[in-house]
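Engineer: As a plain string of letters, each chain reads:
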Amino acid sequence: MALLEVRDLTIRYRTTAGDIRAVDAASLHVDAGEAVGLAGESGCGKTTTALAIPGLLPQNASIVGGSILLDGRELIGRSEAEMERIRWREASVVFQGAMNALNPVQRVGQQIAEPIRLHEPETSARQAQVRVDELLERVGIPASRGREYPHEFSGGMRQRVMIAMALACRPRLIIADEPVTALDVMVQAQILRLLKELREQLGLAMILISHDLSVIAETCDRAVVMYAGRTAESGDVRAIFRTPAHPYTQALIRAFPNVRRERAFVAGIPGYPPDLTAPIEGCAFADRCSVALGRCRTEIPALRPVGAGHDAACHLAPEARSCDAARTPGAPGRLAPEGPLVRVEDLRVEFPVRGRARLPDGSKPVVHAVDGVSFDVRRGEVLALVGESGCGKTTIAKTMVRLIDPTSGRIEYRGSDITRARGGELRRLRERFQLVFQDPYESLDPRQTVHEIVEEPLLIHGRGRDAAERTRLVFAALEGAGLHPAAEIAARYPHHLSGGQRQRVAIAAAMVLEPELIVADEPVSMLDVSFRAEILSLMLELRAQRSFTYLFITHDLSLAWIIADRIAVVYLGRIVELGAADDVIQRPRHPYTRALVSVIPVPEPGAESDQIVLTGEAPSPSAVPAGCRFHPRCWLRRDLGDPEACSTVDPSLVPAADGRLVACHFPEGGTA
Amino acid sequence: MTAEAFVPVRRAGRIGAALRTNWGLLWSDPLGRTGVILLAFVIAAAILGPVLFPFDPKAVGESAKDILQPPSAQYPLGTDELGRQVLWEVIAGARTSLVVGLVATAISMIVGTFIGLTAGYSRGALGEGLMRVTDFFLVIPTLPLTIVLAAVIGQSLGVIILVIGLTSWPSTARIVRSSVLTLRERQFIQRIASLGARDRRIVGIHILPNVLPLVIANTILVIAGSILAEATLAFLGLGDPVNVSWGTMLHFAFQSGAAGRGAWWYIIPPGIGIVVTVLAFTLIGHSLDRILNPRLRSR
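Sequences listed follow chains A and B, in order. Using the numbering used here, read the first sequence as starting at 1 and increasing by one per residue. Using the numbering used here, read the second sequence as starting at 1001 and increasing by one per residue.
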């Protein structure tokens, strides 16, 4: 019998805009010791479904139908006191955003002990302490650190604390809500590995909620794909990823790049998810489906078997094959890059450390945010700067476009020195260089209309003879960014637009001045996967039409791979490898790049081969290690028997045999 | 629609729309609506009162019989120590109180917003310096200062307005500054800065409209404070003896010993005038605070 059985669960949210049918007859089951992934884009009801199990829905939600059986007992309709007992001892939750889920003024050990004290009052303080120490060791934290406060822990360590807390009362089921979202790829690999080990050691069942199919492919036994509050498909991960039966699942898988395969541009899903306040006739995906029939719009498809332990809610399954044409090899609109547009030489940016701290030699400590970086951006190319958060990639880019003043070094634009450009010269540069920011919700003034937002760069730089001329330019930019009809969009405010549309507005505002270089800082990381591909292909189309050059900043190597011509890998304020995108991702040379590439999750179960999971996290840029800055974490150094050069000589970025630039003493070391 | 036919939404239209929605929200809030109704009475009294019932301070009673008379058919709210009608006097006082409250607050709001914006937006010495000045004004005891100023410069309505205005701006400056400090780090401001916009544009077009709702809610509360301050000063005898206000009424009531003589009709009406006006502004202010500050809206 299944440990957990959710059947026809229907949940509504009461809002001022009307009732939202967030979950609509969703079903799922979890066997003891099994890991089930709950996949889908934002608003699909995956979190609502999962949080209904331990009774953690917000006030305005109400369960209007269905049943939740845990170990054969019905959970719906139980009192809060009963749910409280079940919540920790039988099913516990690892919440999203470990940054905010811990109490900043309480020691970490005490916070882990709290559920034990509450739910097992018979446990003595000493026994509880022993359990806390065990739990910390189990999640890979030295027991002595239990006396520390949350701010002394990094993001990954805090997520480990959250996991320890969820394990405190020895539950049989853990519900992990986006446990690795917002973590760097290496830390993400560490946490996923930890969850896997814990499941094996403790025989835990797990529900893993994630918008990232790759993460689910790698860690779960079965997957449930949700769309518009309904179960679209469920089954064994191998079956789902190899022979997806539902057109939505097929499209979703195509939206994720797979670095273990040939490079292929990802495809988006046209259209938008349906409005959940109105009842949906027929299949919820019909409007975006490339193979929908008339029947799909009138009759709700039931979840029915399409293979062994594999169900799909599609009238056409298992024959439905949504069109694959959008998956074109390589990125669209590639150009042969020409000479350098911007050249950066030995750039250094140092920030003073606040406070009165002094180094032993009496000097003030500084953060070496950028520590001797040289590269050029060629006209017409997409250069990606990739690296973990805090590695200095954004600082490099902002310094290059003169938003941050460099401490030393030289920046050249079309051959002329702009390192110290001031006044009018700097204003002209602001026209030539444009920025697109990560968060389209944040980067647009909420009190301006789209028209004003896109017109503003023209006003700042005195472009356009009169208002009518400017409006023409604004409309042209909006149409160019794929916002139709421009007149209708122009009159709206940012909060009337979807995330993808907002990012298009930001792009329109960036291109209205016809710049040469666009610096895009994580432009798609806040967007749902089905919109990512659209924005990326828009950027590449614009490059082909208007010969833009892009500097693309991202933490996501697989995204960099599909969009960039060249990739520069940044570690601790320094470029450690720079080369053609395919070379860097498919044949990485620097040991850091090789480790990063090896842990990229892919939407293909069983593909994870020989992961190199680095331990710990990057050191602080205020205390850069001597010699090669990567040597304390380098696995290759250990393999080579700790050569002396690694810890004494700082390697420079020099061409390796194939012309690629690598900052390593042993660029050929251990390569196959 | 083509670009030629497009009519962009401009600032004036937007402010109109914002006023309409906020007015609707204010009216649907019971506290806000009470405040609005009370305020409407006071404003009506201030505007119509002097037209319908002109109060002449020189129209004193003809004989001792007219002095401090209790309410009667002839004198609806009795008479004061000079035999003048208290009712006419209370109505005339509304105008003075409102004028002082509004003008003093306007001064305070302009000075406070300007200093808050400058201090919040400019990094370094200028911002720090302005905040020290603000702190200085925040800690000086307002009442003694106003007493001294009024005594030195002289007693007139203008001086009272100026004194109240110049001592009540620091709280506005503080609120504006802290809001500017967070706004300045927001991505949309950084995006505009990266476009090469000049500071004046960033502050005027992007920061100011975003702090304005805060300033407005605060302003309404400052009006209430200013009216009280005027009443306090006038009660202490520092008011303008020519322009009758509720504060001066109370001042003369106490000087003439109205309380000792049981002339309650001379003390309670101006008191009620002050309470009603201050209450009206306070209710509207708190209601607006909830409406314009979305974080408080759901509570």
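Please note: incorrect hints may appear among the correct ones.
[Stated by the list, open to error] Derived CB-CB ranges, DEER-like:
id	chain 1	residue 1	chain 2	residue 2	range
1	B	Arg1200	A	Asp287	45 to 55 Å
2	A	Ser498	B	Ile1037	16 to 26 Å
3	B	Arg1200	A	Ser416	22 to 32 Å
4	B	Thr1034	A	Ala491	48 to 58 Å
5	A	Arg463	B	Ile1140	19 to 29 Å
6	A	Val353	B	Ile1037	29 to 39 Å
Hints in this document: simulated from the structure, not taken from any laboratory. Glycine included, every Cβ here is placed at the ideal spot set by N, Cα and C.
Engineer: Take the C-beta atom of Arg463 of chain A and the C-beta atom of Ile1140 of chain B, compute their distance, and say whether it sits inside 19 to 29 Å.
Structural biologist: 50 Å, violated
Engineer: Taking the beta carbons of Arg1200 of chain B and Asp287 of chain A, is their distance inside 45 to 55 Å?
Structural biologist: 48 Å, holds
Engineer: Against the range 22 to 32 Å, how does the distance between the Cβ atoms of Arg1200 of chain B and Ser416 of chain A compare: consistent or not?
Structural biologist: 29 Å, holds
Engineer: Given a hint of 29 to 39 Å, does the C-beta separation of Val353 of chain A and Ile1037 of chain B actually sit inside it?
Structural biologist: At roughly 58 Å between Cβ atoms, Ile1037 of chain B and Val353 of chain A fall outside 29 to 39 Å, so the hint is violated.
Engineer: Are Ser498 of chain A and Ile1037 of chain B spaced within 16 to 26 Å by their CB atoms?
Structural biologist: Hint violated: Cβ distance 42 Å, outside 16 to 26 Å.
Engineer: Can you let me know if the beta-carbon spacing of Thr1034 of chain B and Ala491 of chain A is within 48 to 58 Å?
Structural biologist: Violated: the Cβ-Cβ distance is about 37 Å, outside 48 to 58 Å.
The structure fails to meet hints 2, 4, 5, 6 from the earlier list, while all remaining hints are met.
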